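Just so you know, the sequences run in chain order A and B.
Each residue of the first sequence is one higher than the last, beginning at 1 in this note's numbering.
Each residue of the second sequence is one higher than the last, beginning at 1 in this note's numbering.
No lab work stands behind these hints: they were computed from the structure.
Treat the hints with care, since some could be wrong.
As the list claims (entries may be wrong) - Under the rule of at most 27 Å between Cα atoms (straight-line distance), these lysine-lysine pairs were calculated in the DSSO-like manner:
hint: 1; chain 1: A; residue 1: K248; chain 2: B; residue 2: K130
hint: 2; chain 1: A; residue 1: K130; chain 2: B; residue 2: K248
hint: 3; chain 1: B; residue 1: K248; chain 2: A; residue 2: K206
hint: 4; chain 1: A; residue 1: K64; chain 2: A; residue 2: K115
hint: 5; chain 1: B; residue 1: K206; chain 2: A; residue 2: K206
hint: 6; chain 1: A; residue 1: K248; chain 2: B; residue 2: K206
No experiment lies behind these values; they were computed from the predicted model shown.
Given next are the chains, with one letter for each unit.
Number of protein chains: 2
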Amino acid sequence: MFIIGELINSTRKRVREAVLARNADYIREVAIKQQQAGAQMLDVNGGVPGQETECLMWLVGVVKEAVDLPLCLDSNEPEVLRAALPLVGGSVMINSVNDEEGRVETMLPLLREYKAKVIALCMGPAGPPKGLEDRLAAGSRVVDRLTGGGIALDDIYIDPCVLPLSTGQQHGVAVADAIGELMTRYPGIHSSVGLSNVSFGLPVRKLLNESFLLLLMSRGLDAAILDPCDRQLMAGITAAETLLGRDKHCLRYLRAFREGRLEPPPPASLASPAPVAG
Amino acid sequence: MFIIGELINSTRKRVREAVLARNADYIREVAIKQQQAGAQMLDVNGGVPGQETECLMWLVGVVKEAVDLPLCLDSNEPEVLRAALPLVGGSVMINSVNDEEGRVETMLPLLREYKAKVIALCMGPAGPPKGLEDRLAAGSRVVDRLTGGGIALDDIYIDPCVLPLSTGQQHGVAVADAIGELMTRYPGIHSSVGLSNVSFGLPVRKLLNESFLLLLMSRGLDAAILDPCDRQLMAGITAAETLLGRDKHCLRYLRAFREGRLEPPPPASLASPAPVAG
Chain A
1 MFIIGELINS TRKRVREAVL ARNADYIREV AIKQQQAGAQ MLDVNGGVPG
51 QETECLMWLV GVVKEAVDLP LCLDSNEPEV LRAALPLVGG SVMINSVNDE
101 EGRVETMLPL LREYKAKVIA LCMGPAGPPK GLEDRLAAGS RVVDRLTGGG
151 IALDDIYIDP CVLPLSTGQQ HGVAVADAIG ELMTRYPGIH SSVGLSNVSF
201 GLPVRKLLNE SFLLLLMSRG LDAAILDPCD RQLMAGITAA ETLLGRDKHC
251 LRYLRAFREG RLEPPPPASL ASPAPVAG
Chain B
1 MFIIGELINS TRKRVREAVL ARNADYIREV AIKQQQAGAQ MLDVNGGVPG
51 QETECLMWLV GVVKEAVDLP LCLDSNEPEV LRAALPLVGG SVMINSVNDE
101 EGRVETMLPL LREYKAKVIA LCMGPAGPPK GLEDRLAAGS RVVDRLTGGG
151 IALDDIYIDP CVLPLSTGQQ HGVAVADAIG ELMTRYPGIH SSVGLSNVSF
201 GLPVRKLLNE SFLLLLMSRG LDAAILDPCD RQLMAGITAA ETLLGRDKHC
251 LRYLRAFREG RLEPPPPASL ASPAPVAG
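Please put together the full structure from these sequences, using the hints given.
Have a look at this one:
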């Protein structure tokens, strides 16, 4: 499972404040925490309205200095990406291209020049998909255009577009079925989701996020943009990888156990005295 | 998801002791706890060596008196079942038949007479299966013999035979693939697993059990013999059912949330003072 840390995203209030204040310490801390928690790549989103280019460029500089991880540039504006890509200097992913008119064609030169991996979103000009069929149609069109432009399947991460379950009870199953179908249709392709969208508007979001990830891993999902600092989620991934036969002699599972990563930490009330008011 | 409570099993030490001592209070308590936790059927296993018939008959009497749930008689001895079935008086399941010579034929009259549901184990005369292919072969033979004998697919629960992951890293994936394949091959059939076998010999068993169940639900599993008193497992099932589109407007998820069933209970140290030594 390829884990892309989601936390450096300027649509999150604290990150946006840090970006606007050019608070590099906070961003560095979030980058390092995600790496320590097991992220293998960091998503970086500089989407502050009107300032996306300079915000993304600043973020890339800070994050590159803080950790030695590849980055996933989270923007669908070619101009923003064109400005930020030269700063990355190494393996990079672009998040994302979709099936809107001309979108793939505009991105192809950048993808080729930087040998970038790319997230291919199952979304067309009509906006977010409604079910399985439009996900398959849009996804196939994007993948076919990318491969037609010389991009290898191994560099493409199909993303079926996770929508909040609170807005439609079939959204989850449509994503699961789309992953199963597209991973079969394009042998060698990868798949990824923006996981936490699924639980938006519902309580106990971590439970839904973790459960959804396991349902999708069972259909072939091999990457996700998620919160690597969610211990329970990461423990579930370790267990699922072992159960899916990808952990020889269960060695990684046993190491995670020895390192205390499979069980919740002791409650704060036992670990240290509660703070005293006043 | 059809939940069959696993706890009244005489291979568990405390249950065996209660059965041998004819301690009806303890058995009643375990039955009621499982019903309150959400079990829709209770597995009852009287497998005390040399005394299985009388132990199972006694257990059936005690459990029937304690709860109003259908029972799953856990024995592969036709004589034991023949003695216990008349005591059940209502909907019943037999756990299990397999592909050993003559096994299905011996069970068919009982299944028909009691209109019993039946767990069809993917296991042949050579013992536990080794991979996907022998699971499919044995499972198909059992199902074909059952349907050939007049049993409806809707009454058959195919069980791919869960083996401990600690004894073979491909056991999990073989079970998942077998469920996907058999549920597709026999539309209308059900599937079930004895869940907790998967984690035998490994640490943090509940994490593996819960993760495995979600991986299997994503392939079509619709029943399981499990510990319904494992709150985290039951919360995961609730989340998965919602994510798989079986919970209109997320109403069952939201009710479970309001009833406090989705989150762990507060640690005992917060709920009540710790016992004082001495």
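Check whether the Cα positions of A/K64 and A/K115 lie no farther apart than 27 Å. It holds: about 18 Å lies between the C-alpha atoms, which stays within 27 Å.
Need the status of pair A/K248, B/K130: alpha-carbon distance at most 27 Å? 17 Å, holds
Between B/K206 and A/K206, is the straight-line Cα distance small enough, at 27 Å or below? 17 Å, holds
Given the hint that B/K248 pairs with A/K206, does the C-alpha gap stay at or below 27 Å? Holds, because 20 Å separates the two Cα atoms, which is no more than 27 Å.
Taking only the CA atoms, is the gap from A/K130 to B/K248 under or equal to 27 Å? 17 Å, holds
Agreement of A/K248 and B/K206 with the hint, judged by alpha carbon distance not exceeding 27 Å: 20 Å, holds
In this structure, none of the earlier numbered hints is contradicted; all agree with it.
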